[in-house]
Amino acid sequence: VFVASARSGAHTRLPQVSGIKINSLPATAFANSLHTLSKLYGNVFTVHFGPRKAVVLAGYETIKDALLNHAEEFGERAEIPIFRKMTRGNGIAFSHGELWKTMRRFTLSTLRDFGMGRRTIEVRILEELNSLIKYFESYQGEWKPFDTKMILNNAVSNVICSILFGERFEYDDPAFLTLLKLLNENTKLLGSPMVLLYNFYPSLGFLCGASKTVLRNISELSAFLQKLFKDCRLFVLKESKKPHSMFHNESLLFSTLDLFAAGTETTSTTMRWGLLLMMKYPEIQRKIQEEMNQVIEPGEMPTLEDRKKMPYTEAVIHEIQRFANIVPMGVSRSTPTDVNFQGYVIPKGTEIIPLLTSALNDELHWKTPHQFNPSHFLDADGNFVRREAFIPFSIGRRACVGEGLARMELFLFFAGLLRKFVFQPPPGVNKAELDLTADVGFTLNPMPHLFIGFFP
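Residue numbers for the sequence shown follow UniProt numbering, beginning at 1 and rising by one.
Please note: incorrect hints may appear among the correct ones.
Stated by the list, open to error - Derived DSSO-like pairs (lysine-lysine); straight-line CA-CA distance at most 30 Å: (1) K420 - K280; (2) K101 - K149; (3) K134 - K308; (4) K53 - K188; (5) K309 - K188; (6) K64 - K101; (7) K149 - K134; (8) K420 - K39; (9) K53 - K85; (10) K309 - K348; (11) K367 - K134; (12) K101 - K367; (13) K149 - K64; (14) K64 - K134; (15) K287 - K188; (16) K420 - K149; (17) K348 - K64; (18) K188 - K227; (19) K149 - K280; (20) K53 - K149; (21) K287 - K149; (22) K367 - K431; (23) K367 - K287; (24) K431 - K149; (25) K134 - K309; (26) K348 - K367; (27) K188 - K149; (28) K181 - K280; (29) K431 - K287.
Stated by the list, open to error - Each pair of labels, with its calculated beta carbon distance range: (30) K287 - K39: 31 to 39 Å; (31) A175 - F146: 35 to 43 Å; (32) K348 - S375: 49 to 57 Å; (33) F146 - E98: 19 to 27 Å; (34) R112 - E250: 36 to 44 Å.
None of these hints come from the bench; they were simulated from the model. Every residue gets a Cβ at the ideal spot worked out from N, C-alpha and C, and that includes glycine.
Start from the sequences, fold in the hints, and give me the full structure.
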């Protein structure tokens with residue numbers, strides 16, 4: 001990867017400044033390297049990935065200026081070969097132009113009609129939480145340590161399935177477990193060196209077994225989802241008969257797949273980070289439980305109404321998202337036209353990397369950016385305070401469409417589990433030994449770990 005400054009004139013050649021080897025760096029180190037380079041070359045600079053070129057935006061103020069103040073100029077999604085091959089330009093996350101606008105509007109209205117933001121969705125989440133608690137309780141009698149990856153994936157994905165398809169799946173359903181394993185495998189492979197190599201040199205795809213596996217998994221995921229949205233097909237058939245309609249089977253299928261994949265992976269990963277951090281910092285876990293004891297009646301579970309009365313819990317959840325930083329490089333944008341930005345000319349079609357880790361660790365906005373510190377979101381009186389540089393869902397036109405749902409899930413699942421259990425490392429494991437190093441994929445997962453949940 002070669003690094004160059006952005007150009008200040010339309011015909012100024014991009015000077016090559018330095019180089020780093022991407023094949024030797026995991027995503028965390030690569031994102032951190034870009035963040036470090038921004039301190040040398042400024043908050044707008046160019047990197048070369050083999051034949052591909054991208055402009056990096058670093059620091060919260062720069063990202064905000066681009067994605068909010070110049071929303072149209074930075075509003076398209078970059079053409080990333082593996083995602084282009086996976087979606088064929090359909091869906092919400094990687095579509096463009098009018099198709100993207102149409103599918104995003106449809107998705108938001110559909111989620112709203114199905115209850116996102118209303119009490120009905122809260123009831124769905126609490127019902128799923130009850131099933132999750134029963135699963136955790138099944139380990140109580142033997143005090144068996146267990147990993148939460150699959151079970152949290154299942155619980156979170158059941159919420160989106162209940163919204164989209166009106167049904168949930170049992171935690172031991174073999175077909176659904178296979179589906180989640182395919183999703184986990186793709187999440188891991190999409191951040192692998194071989195898939196990155198494919199994105200740099202798509203013509204070498206025939207040599208890249210990882211990209212073939214990703215595409216095969218997508219085919220199986222699509223076939224499974226096809227069986228579930230039969231009722232939606234009636235809408236598609238009706239809409240597709242209208243002149244110039246953008247609704248067709250593929251556009252609906254990949255929009256559904258986007259919601260299913262993103263709605264499962266990011267929320268469950270954040271939850272796993274949260275439980276690991278509670279084991280690492282038991283005093284923080286204890287303060288959350290003390291706050292709930294003051295706010296919630298004995299025997300009752302937290303609801304969304306309780307959130308505003310639980311500032312410390314809310315601060316911890318936000319700090320988990322900031323500290324875990326699960327999508328450190330964001331998802332690339334693209335410039336649909338030539339852009340004059342902060343004194344630089346960025347040509348049409350340039351890939352843009354909004355370096356979210358540089359905002360979530362911006363020393364101008366966070367007192368201790370590299371420490372897990374819930375006081376980042378508290379004032380001197382202990383009240384919850386929103387921070388402008390808190391952008392784990394990104395910002396602007398391409399911000400996460402499921403942000404509202406994710407916020408509800410994180411609060412209800414996290415607070416609900418801590419209401420029922422005290423999470424500790426297995427016997428013989430000291431909290432100091434708990435590893436906070438990320439397991440790299442398309443998102444940054446915590447390393448596999450076991451824990452025991454005791455009744456408080």
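Structure versus earlier hints, numbers of those that do not hold, lowest first: 2, 5, 8, 10, 11, 12, 13, 14, 15, 20, 26, 31, 32, 33, 34
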